[in-house]
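Student: Sequences and hints are given; from them, build the entire structure.
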Amino acid sequence: SAVISQKPSRDICQRGTSLTIQCQVDSQVTMMFWYRQQPGQSLTLIATANQGSEATYESGFVIDKFPISRPNLTFSTLTVSNLSPEDSSIYLCSAEPARGFFGQGTRLTVV
Amino acid sequence: GDSVTQMEGPVTLSEEAFLTINCTYTATGYPSLFWYVQYPGEGLQLLLKATKADDKGSNKGFEATYRKETTSFHLEKGSVQVSDSAVYFCALIPMFSGGYNKLIFGAGTRLAVHP
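Heads up: the sequence lines are chains A and B, in that order.
Residue 17 in our numbering is what sits at position 17 of the first sequence, and the numbering runs on without skipping anything.
Residue 129 in our numbering is what sits at position 18 of the second sequence, and the numbering runs on without skipping anything.
Hints in this document: simulated from the structure, not taken from any laboratory.
If you're wondering where the values come from, they're calculated on a predicted model, not measured in any experiment.
All residues carry an ideal CB built from backbone N, CA and C; glycine is no exception.
Heads up, some of the hints might be wrong.
Said to hold, decoys possible - Label-pair distances were calculated between CB atoms; the ranges are: (1) A/E58 x B/S169: 26 to 34 Å; (2) A/R99 x B/Q192: 20 to 28 Å; (3) A/S5 x B/Y150: 17 to 25 Å.
Stated by the list, open to error - Stretch-level coverage of chain B by chain A, calculated; a stretch enters the list once three of its residues show a Cβ under 8 Å from a Cβ in chain A: (4) 143-151; (5) 217-226.
Claimed, not checked - Negatives, chain A to chain B, calculated, CB over 10 Å: (6) G16; (7) D26; (8) V62; (9) F66.
Tutor: And the structure:
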């Protein structure tokens, strides 16, 4: 099994700034996934991060807004850039989602 | 593209009532199907899953059967408890996902159980 530590758990940020979210997995995993859950809505996949290559972004998400790093097989970061109130959401990372391994989520509020 | 459709909530039940949350999917071939649960203030948890037609996933008294003929994966529980109050998400991993195993979620159904 894999345990995923995600931080911060929540943050309040000023518009125009950026927030970097970190996820640490306690075992090596090939792929990590980043999701967004807007208020009262379902989860939408932002991108898939594979170690050693650029992340693959889903339609509607771009690297300039959501840069991702994947320096090794146990760690990944998601940055949400140039924040606006519309970015207020919960962001979750996942490894091996078919086995249910998700981080606890980061609740971002942009003011 | 592949998608998941869930019944709209909220679903409000009395304790010990029977629960059904409908889920249907659109996908090519045989996707893997999942139910996730999100309790208030907590993260996402895998509740159960099924990976091939006619499989039944079960956990904590919940069960769901993979019905290829009706492209459905309805969640059921015979007797709900107040502690089952949560948001339930149906999800799938496409059969041809290129090894990426990316989950596609339904909109979620909020369940509220009253004593």
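Student: Does each hint hold? Answer for all of them.
Tutor: Results for each hint:
no. : hint                       : result
1   : A/E58 x B/S169: 26 to 34 Å : holds, 31 Å
2   : A/R99 x B/Q192: 20 to 28 Å : holds, 26 Å
3   : A/S5 x B/Y150: 17 to 25 Å  : holds, 19 Å
4   : 143-151                    : holds (count 3)
5   : 217-226                    : holds (count 3)
6   : G16                        : holds, 29 Å
7   : D26                        : holds, 16 Å
8   : V62                        : holds, 18 Å
9   : F66                        : holds, 15 Å
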